[in-house]
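Enquirer: Sequence:
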Amino acid sequence: MVMLKEESRKQFPTFDEYLGKNFLHVRSKPRVMEAFWKWSAWAEPDYWRRNYYYIFSYGSEPKIEVGVGSYIDSLCVLNDKKTKVLGVKYAVTPNGGKVIVLHGNLVRETEEALLRVRASKKNPDDDRILTLMEATIMHEMVHWSYMVAGVDEKKKYGGDEEYGTARFEQEAYGSPVAMPDEFRERLCKVRPAAPFLGVATNLACTILEVKPESPAAKAGLIKGDRISKFDGKNLGKELNRDNGGNTAQAEFGALLDQKQPGDSVSLEIHRMEPPGTDKIFTVNVTLGSIN
Numbered sequence: 001m002v003m004l005k006e007e008s009r010k011q012f013p014t015f016d017e018y019l020g021k022n023f024l025h026v027r028s029k030p031r032v033m034e035a036f037w038k039w040s041a042w043a044e045p046d047y048w049r050r051n052y053y054y055i056f057s058y059g060s061e062p063k064i065e066v067g068v069g070s071y072i073d074s075l076c077v078l079n080d081k082k083t084k085v086l087g088v089k090y091a092v093t094p095n096g097g098k099v100i101v102l103h104g105n106l107v108r109e110t111e112e113a114l115l116r117v118r119a120s121k122k123n124p125d126d127d128r129i130l131t132l133m134e135a136t137i138m139h140e141m142v143h144w145s146y147m148v149a150g151v152d153e154k155k156k157y158g159g160d161e162e163y164g165t166a167r168f169e170q171e172a173y174g175s176p177v178a179m180p181d182e183f184r185e186r187l188c189k190v191r192p193a194a195p196f197l198g199v200a201t202n203l204a205c206t207i208l209e210v211k212p213e214s215p216a217a218k219a220g221l222i223k224g225d226r227i228s229k230f231d232g233k234n235l236g237k238e239l240n241r242d243n244g245g246n247t248a249q250a251e252f253g254a255l256l257d258q259k260q261p262g263d264s265v266s267l268e269i270h271r272m273e274p275p276g277t278d279k280i281f282t283v284n285v286t287l288g289s290i291n
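So in my numbering, spot 277 of the sequence shown is number 277, and the numbers just go up one at a time.
Since the hints were derived computationally from the structure, they do not count as laboratory data. Just so you know, these numbers come straight off a predicted model, no measurement behind them. For each residue, glycine too, the CB sits at the ideal point set by N, CA and C. Be aware that one or more of the hints could be misleading.
Claimed, not checked - Here are the simulated SDA-like cross-link-like pairs (lysine to any residue), alpha carbons at most 25 Å apart as the crow flies: (1) K154 - F230; (2) K38 - M272; (3) K279 - G224; (4) K10 - Y58; (5) K10 - L130; (6) K229 - S175; (7) K155 - G224; (8) K38 - A119; (9) K5 - G288; (10) K233 - Y157; (11) K279 - P261.
Claimed, not checked - With beta-carbon atoms standing in for the labels, derived distance ranges: (12) P30 - N234: 40 to 46 Å; (13) D278 - A254: 24 to 30 Å; (14) S28 - K156: 26 to 32 Å.
Given only the sequences and the hints, what does the whole structure look like? Please build it.
Expert: Structure below.
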């Protein structure tokens with residue numbers, strides 16, 4: 001499953017060890033796992049149930065980043081407008097570099113709680129902090145699953161993107177897992193403008209459908225492939241609420257608009273082959289005209 005990004009491992013070694021050992025015990029908690037499968041949104045849930053080891057194993061994606069980050073409210077708006085020259089339907093989804101962003105203070109609190117537990121000097125709040133961390137990671141994994149599946153979580157739940165995660169917590173832990181009030185106050189004092197946890201990601205355009213006999217089909221592209229570069233230009237960028245909200249999809253469409261049938265474009269592709277891996281390769285596609 002998750003692991004700390006390399007730059008954070010030395011800073012939080014005990015928390016890193018927790019992710020590699022203690023946290024993985026979540027796999028043996030039937031109530032938590034059943035709630036996760038129920039409220040997550042894998043495009044092929046049966047497939048992921050069979051291959052859950054790749055999701056819940058130390059070192060697989062998403063990675064954890066420590067700090068105050070940003071996440072995107074709506075990622076997966078379908079766009080069929082450009083099929084006249086490429087022949088795919090696609091959505092904005094995470095690509096390599098996808099991370100769960102945890103507030104630095106939450107990680108520090110967890111690190112200190114783990115050290116106290118290890119030294120048999122546990123405080124009354126330590127169990128709650130550790131439960132909060134587990135629930136937070138699982139909560140963000142539910143959000144991440146919607147990104148990977150290419151499903152607009154906000155649209156699915158009528159504008160409330162926290163509907164599914166709230167019900168996940170209710171069913172997994174008996175009630176929504178609340179942050180201790182005292183800790184929340186400390187968190188807000190550090191950076192009042194953005195004391196949140198969430199998912200941040202490098203974006204790509206994930207192919208949802210390849211039209212038969214299209215330029216994309218002739219180039220060997222298949223459903224599930226992720227386009228991360230267009231003629232050498234990165235499509236995926238971490239976004240936040242302050243930069244105007246341009247998405248990889250809009251950028252991809254704008255680049256494609258500049259091309260004409262007969263033009264050749266270079267696409268960097270990511271493909272999960274076999275499951276749990278990230279095969280990266282480049283294809284050249286000669287654009288055509290599609291009815």
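Enquirer: Does each hint hold? Answer for all of them.
Expert: Each hint, compared with the structure:
no. : hint                    : verdict
1   : K154 - F230             : violated, 28 Å
2   : K38 - M272              : holds, 23 Å
3   : K279 - G224             : holds, 12 Å
4   : K10 - Y58               : holds, 17 Å
5   : K10 - L130              : holds, 20 Å
6   : K229 - S175             : violated, 43 Å
7   : K155 - G224             : holds, 21 Å
8   : K38 - A119              : violated, 37 Å
9   : K5 - G288               : violated, 41 Å
10  : K233 - Y157             : violated, 34 Å
11  : K279 - P261             : violated, 28 Å
12  : P30 - N234: 40 to 46 Å  : holds, 41 Å
13  : D278 - A254: 24 to 30 Å : holds, 26 Å
14  : S28 - K156: 26 to 32 Å  : holds, 30 Å
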